[in-house]
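Protein chains: 2
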Amino acid sequence: MAPTLLPGLQDIAQLEPGDIAARATSYWDASPLQAAAVYLPRSTEEVSRILKACHAADQTIVVQGGRTGCAAGADSTGTDVAISLERMNRIERIDADAMTAEVEAGVILETLQNAAAERDLFLPLDLGARGSCTIGGNIATNAGGVNVIRYGMVRNLVLGLEAVLPDGRIVSSMQPMLKNNSGYDLKQLFIGTEGTIGIVTRAILRLEPAVAGHATALAALSSFEAVAALLRLSKARLGADLTSFELMWGAYYAAVSDGLGVRPPTPVGYDYYALIETECRDQEAGRDALVALFEEAIATGRIDDGVLAQSEKERREMWRIRDDFEPILRKKPVYLFDVSMGVAAMEGYVATARDLLSTAFPESEFHVFGHIGDGNLHLFVYPGQGPAALGAGTRREVERCVYEPLQSVNGSISAEHGIGREKKPWLGVTRSDTEIAVMKTLKRAFDPKNLLNPGVIFDL
Amino acid sequence: MAPTLLPGLQDIAQLEPGDIAARATSYWDASPLQAAAVYLPRSTEEVSRILKACHAADQTIVVQGGRTGCAAGADSTGTDVAISLERMNRIERIDADAMTAEVEAGVILETLQNAAAERDLFLPLDLGARGSCTIGGNIATNAGGVNVIRYGMVRNLVLGLEAVLPDGRIVSSMQPMLKNNSGYDLKQLFIGTEGTIGIVTRAILRLEPAVAGHATALAALSSFEAVAALLRLSKARLGADLTSFELMWGAYYAAVSDGLGVRPPTPVGYDYYALIETECRDQEAGRDALVALFEEAIATGRIDDGVLAQSEKERREMWRIRDDFEPILRKKPVYLFDVSMGVAAMEGYVATARDLLSTAFPESEFHVFGHIGDGNLHLFVYPGQGPAALGAGTRREVERCVYEPLQSVNGSISAEHGIGREKKPWLGVTRSDTEIAVMKTLKRAFDPKNLLNPGVIFDL
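Residue numbers (the working numbering), protein chains in the order written: chain F, 1 to 460; chain X, 1 to 460.
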């Protein structure tokens, strides 16, 4: 029997204690899930009842979606009640005329992508965890992913939203319009606030017409100046058709293609590799536009080598080098970072971080790729030895090398992964004391008892 | 000499009392501006000092930009201190590489549009008041306009923001990245909250590459079903190139073209007229795509007649019928409304509102057009007689006819104009009691004394 911590909730499904311990904490942490109870509500009303009971009992709550977040924002402890939205997984309606999807928060991203595709529509959100992450988690973390340059973050896709406040009140703003300036836009309280202000239970998302095809190409470049010039040229020539501009540093490209045992589409040895993709309503015209871009860029000395994907298979091979960084994760430990800054600051920032790391960790390895079209870099740092040899302060010291140089370039310690519990000590690098104080004012206004996802983003 | 209401602010510029009275209340209200004082700060620091002094003295404040808002949100009374940001009108930086503009809040929209164009860039915000409205006002009201279908509302264009809280604290989040999930996105507190949480003083906006050209066409249609089908087809065939899909009801089209004395591009007498515009990097290809769309739509019976603008002159003539509704305003009074709903609900909603109006006001005239690609309709109601004859309750009764039917279609009483002071009595049509209570919680958390734009959106 599951524990009965809270009165009046006996009819709401819970995990059995044995099933709690059989779950991993998260995708990143295989240790058994800790929680005083794990509720599995089937409706917004059940979520509301759970929160009312927790509120009355001063019980802390942690919200769980796909548990694939990168900042430990959904990690619960043995004294928390966890609420998993996994049974709120209905796609309530796809309106093909209005091009909207009305869903419960526990719907898996990929399930909704597929359901939209079946109606000849396209959900403009995609990220690596598509098979496990949920729409509610995507909204709570304002997820980014590979289409941001064209469609924006999740914030830009949410038309309507329903959420439950820490005191159990249901805030329902489930309207399907792109334009609605009737008072404060309350959706913004719940998008990207990592479940600290309320629990997202339902949403209406924008869909787009299905994309007929893609044109994809890889360019090799010898300087960051050439990268920045190619990005500008791509935006100017391809406009809204440009969906991805992904940059791999030379060492990343070499390490991944070597580690995967694939023949790299363009030779290793250049400083940078840009993966450029467009969506096109006419496949041939799309390819022609990309070829014309590359011809112009080669003629003006911006790129040294380039190749166009001639088939879906070749396209997937290009993306695999960008996506499948498993070879880099083979050495342990490897720390993953998600930072952002203006494109003009990137070259200097990466050089500074590399210098700091090689001084602090002479045997470190450092790999970089990013969605640079939207200012976002992902960094991988292997400090050079096993964690035991380096001691408990290793991670903190690596973080210092990566985060501190962001301050002088007005950068962000989290582009798309959020702050969660993991990045909390570094929030002050990106946010002023006043900004953090304002965040706390907002949190206290809606959760004065600090019961909902306590310790996420900041400690009160 | 201007009054010295507040200590310590003698060095901050004010309007002379005579100059206050020489100003109109707003574009819509020619009566003399009322205010205990009108401060003209030149910097965020001066705004902060004014707010600190007002906070200490329990003095109410009204923020003023271009004073062209449509909901009386900037109307001050004789006991308010007004703060006009007209002298904070510097374009601090246009970064052509990053495609961003860093500006003070008092910059006139058109000034920034032109400055971007000079750098071969494009500010994707445009609306009728471009020559007088300010960026700060655009942000505070989350302005919409004619490009929303392609670029979103202002919320989607703001990368960085600086604002001053009611207690004078400066919240500066002036980062230029598209992606920044480092804690709560505090910009959202100030975008679309109509100056009730803080005063926007500076911003960083996204720019886009300059648009090479436009293709524009007008279609005549015989049913709303055909309109909805054409909208879907346009989105599918034109994708991100579709920037405008403006619908005029037949009576509007006839009244405006007749009143302006222009020859209508397609004959009057149809039920609906859709003005469709795309932006194109290649003018000829853009026209070809629009012609192909019209051929397909005619072949499948979706449109009855259509014409493509063959020159910039013809394009302007088409837009003039959509933009220049002066003939409809000639009769007095005419009330303007700005509502939104799903496209599927529009036909029924307009019929219901028309029935209610003709029952309540047998001699009324009712005209409709809208940015229907984003769910937004603008309605003009002439109740049929002078206001004196109809009595003071006329406006309220017209509002009832227009707003009440929105409830059953899950619509909004304000798509893009905001609530201001004027629409406050009707907020409950669109928002639940819980939603309004949450808005008030937010307001109280930052402005417990209710000093900043009091009475805008709701009364505390």
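The set of hints was computed from the structure by calculation and includes no laboratory data.
Treat the hints with care, since some could be wrong.
Unchecked claim - Below, computed lysine-lysine pairings styled on DSBU-like, alpha-carbon distance capped at 30 angstroms:
| no. | chain 1 | residue 1 | chain 2 | residue 2 |
| --- | --- | --- | --- | --- |
| 1 | F | Lys-52 | F | Lys-332 |
| 2 | X | Lys-313 | F | Lys-449 |
| 3 | F | Lys-440 | F | Lys-424 |
| 4 | X | Lys-449 | F | Lys-449 |
| 5 | X | Lys-52 | F | Lys-52 |
| 6 | X | Lys-424 | X | Lys-440 |
| 7 | X | Lys-235 | X | Lys-332 |
| 8 | X | Lys-440 | X | Lys-52 |
| 9 | F | Lys-424 | F | Lys-449 |
| 10 | F | Lys-449 | F | Lys-331 |
| 11 | F | Lys-440 | X | Lys-235 |
| 12 | X | Lys-331 | F | Lys-440 |
| 13 | F | Lys-424 | F | Lys-332 |
| 14 | F | Lys-331 | F | Lys-52 |
| 15 | X | Lys-313 | F | Lys-440 |
| 16 | X | Lys-235 | F | Lys-235 |
| 17 | F | Lys-313 | F | Lys-52 |
| 18 | X | Lys-52 | X | Lys-449 |
| 19 | X | Lys-331 | X | Lys-424 |
| 20 | X | Lys-449 | X | Lys-424 |
| 21 | F | Lys-235 | F | Lys-313 |
| message | Under the constraints set out in the numbered hints, which ones does this structure not fulfil? | response | 1, 2, 5, 7, 10, 11, 12, 14, 15 and 17
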